[in-house]
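Those protein sequences? They're chains A, B and C, same order as listed.
Take the first sequence: its letters are residues -18 to 208, numbered as in this note's numbering.
Take the second sequence: its letters are residues 59 to 284, numbered as in this note's numbering.
Take the third sequence: its letters are residues 73 to 312, numbered as in this note's numbering.
Since the hints were derived computationally from the structure, they do not count as laboratory data.
From a predicted model like this one, the values you see are computed outputs, not experimental measurements.
Treat the hints loosely; a few may be bogus.
[Stated by the list, open to error] Away from chain A, derived, C-beta distances all over 10 Å, residues of chain B:
#1 R63
#2 D110
#3 I119
#4 E138
#5 L230
[What the hints assert, rightly or not] Derived, one-sided and incomplete: chain B residues facing chain C with beta-carbon distance under 10 Å:
#6 G66
#7 E76
#8 S141
#9 L142
#10 K146
#11 S151
#12 A154
#13 E283
[To be verified] What follows is a list of derived Cβ distance ranges for each label pair:
#14 A:R47 - B:F77: 52 to 60 Å
#15 A:D48 - C:H158: 32 to 40 Å
#16 A:D48 - B:R63: 45 to 53 Å
#17 C:H158 - A:Q199: 39 to 47 Å
#18 A:F34 - B:P188: 56 to 64 Å
#19 B:F123 - C:G196: 32 to 40 Å
#20 A:D48 - B:T79: 55 to 63 Å
#21 A:F34 - C:E185: 48 to 56 Å
#22 A:Q199 - C:K83: 43 to 51 Å
#23 A:I83 - B:E222: 31 to 39 Å
Cβ atoms here follow ideal geometry from the backbone N, Cα and C, with glycine treated the same way.
If you want the building blocks of each chain, they are given just below.
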Amino acid sequence: MNRNWLALSTFVAMMVSIYLIFMYAPTEATMGDVQRIFYIHVSLAWTSFLAIFIVFIYSIRFLASRDRQLDIKAFCAAEVGAVFSTTVLISGPIWAKPVWGIWWTWDARLTSAFLLWLIYMGYLVLRRLIESPEQRARLSAVFGILGAVDAPIVYMSNRWWRTQHPAPVMGGGESSGLDPQMRLTLYVTFAACVLLFFYLWKLRCELERTQEVVESLQRAPQFKEVS
Amino acid sequence: MTFFRQAGAIFWKDVLTEFRTKDALTSMLLFGLLVILMFHFAFDQADSLQMDHYGPGLLWITFVFAGLLGMNRAFAGERENDSLQALKLAPISWGAIYLGKMLANLMFMLVAESVILACFAVFFDFNLLPRLGRMCGITLLGTLGFASIGTILAAISMNTRMSEVMLPLLLLPIALPLVIGAVNATAAIFTDPPGEYLGFWMKFLVVFNIIFVTLPLLLFDFVLEE
Amino acid sequence: MADAPVVRLDKVEKWFGRTSALQGVDLTVQPGEFLVFLGRNGAGKSTLLRVVARLVRPNSGRVEVCGIDVLRHPEAGREKLGFVAHSSYLYRSLTAFENLQFFARLYGLSDAEDRIHKVLRWVGLEKSALRPIHGFSRGMQQRLSIARATLHDPEILLLDEPFSGLDLEASELLGGWLESFVANGKTVLMATHDLEQGLQSARRWAFVDQGKIAEELTGTDAHIRDRYKIFLKEKRRDIF
């Protein structure tokens, strides 16, 4: 999709979503207005899981074809996904403290979000610590696959564990028991976050590709003589 | 069949080498004992009810950290005379290297864990004997998963500048479901009557192991490539 | 199958990040040849050997060993090769015998014990067979490394700077073995930056520079020496 159209649709979606969050969605009975951050928090969380799945797909495709472009796509998806993941961990406590009086709760969703963040960090640190570009691409693709397969398992195991040791759950089940207006707001916000992800991903990929072009020019014989 | 023979040769070589030097086993055992000592001072274990509650978790924390120590051994030992190259030069499928090393890691961890478990039972007055069979089963399943992910991640970490730090960073998030499953299963066998979730968590561990023994086997070639 | 080449490289290229290690290399080696790759450090000699051994995966091009496409069937190709490098590729805490026993098992060799004894005798390490090798000198380790590489009776021996760190006596021994290896109809490919070592026994030379085979020659020692000096002068760059 053309970058400008993507930017425009993201902007529009975000505007609509903000309107819905603040104007349209009803005020939650027990939690009050602070609850509205829930729409962003959950949407970001879902998007960060979507992102690791994208990393998974592109890591597999890279290993199959060795096309550098696919590695760039996987890497950039991981970077943007990591940013989204970080915001989930920040927005969680912002919501939890005024509502429940505690900064953090080890419920299934938040714990899995934390683990997912760690997987992203592992992926990014791994890339930083490997010198050779080919190795970097290959090894992070392998880890990306392992991490992405693990992420849903982490979530499920946390849920099953939590059914044995109940703890405060943030926002109830997935989108169960939600007022239809709230549900609409959530879905629109999620769509806006996904669009934002794709936009940022596209931007980041273009930046990375430009860097590659510069490097390949540096490789060219004409430049060797000059340096 | 040749695949298993080759993995077997590598397994045997790793065991023989470790038997000569005893580096990894000693450090794993000593570390485990030190952790037990720390737990004694950190938790008031005069209250045995507390121990029943925290025991399984503490046990598996000890297993995990001792295991991390041992995991580094897998490829560190090949660095010395660059002998990993010799393995890669052999007319074998590189997956056999993974399998052989994973089984060796598994064996060393199980040996260390048996001793650590015995010490736990003694120092913290766990009534282990009537539950020994089930405990062994859980330990085997948990350790197998840990060894299989650990081996491939150790191979990956080996290529980074700070490999000893990289391995736990990569391994712990991925091994977390294992810890959840193992701790819950262990806790289940210590309640009287045995907790109803025991069967569930055992099945969970089995499925996890199937996924995370197969995946590394498929991906290992990519890790060893140059 | 009279003159099927035993090694063939076709337009092989390999990059490591920004550096181009091999640029479009074409090479054909006939059975029974002793070919030496000469060139500066970093010229691409090691990478060339490692591509033949399929340790390194080329970015493009075709590699054949004894007619086998090594990229598609790496295991079959490696069966025909023995590799000796600067590192010994051996396990310190095991004895010489145990080391070879391991490799025999790994390679699936029948009558392993006989082979091991034979090869230990050949490199003169029979008496030290039961000693752990961390006590071995560099020369002994290199000898055992050769034993390891020839245990499975490979068609082709690849050597990467094998003489480095060896004293005169060990070097002469090594040279002698390589000659007898070739005399038995096997092929040797050796990479070295040391001209004198490269002159012993070899009958064909290839000068490698910046990932390309710049020149291939046969001839007398003196002729090769002169050509090599000229080659190095021409290719001189400021190296920092």
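Inset, instruction - Against the structure, test the hints numbered earlier, and report the numbers of the ones violated in rising order. - result: Numbers 5, 14, 16, 17, 18, 19, 20, 22, in rising order.
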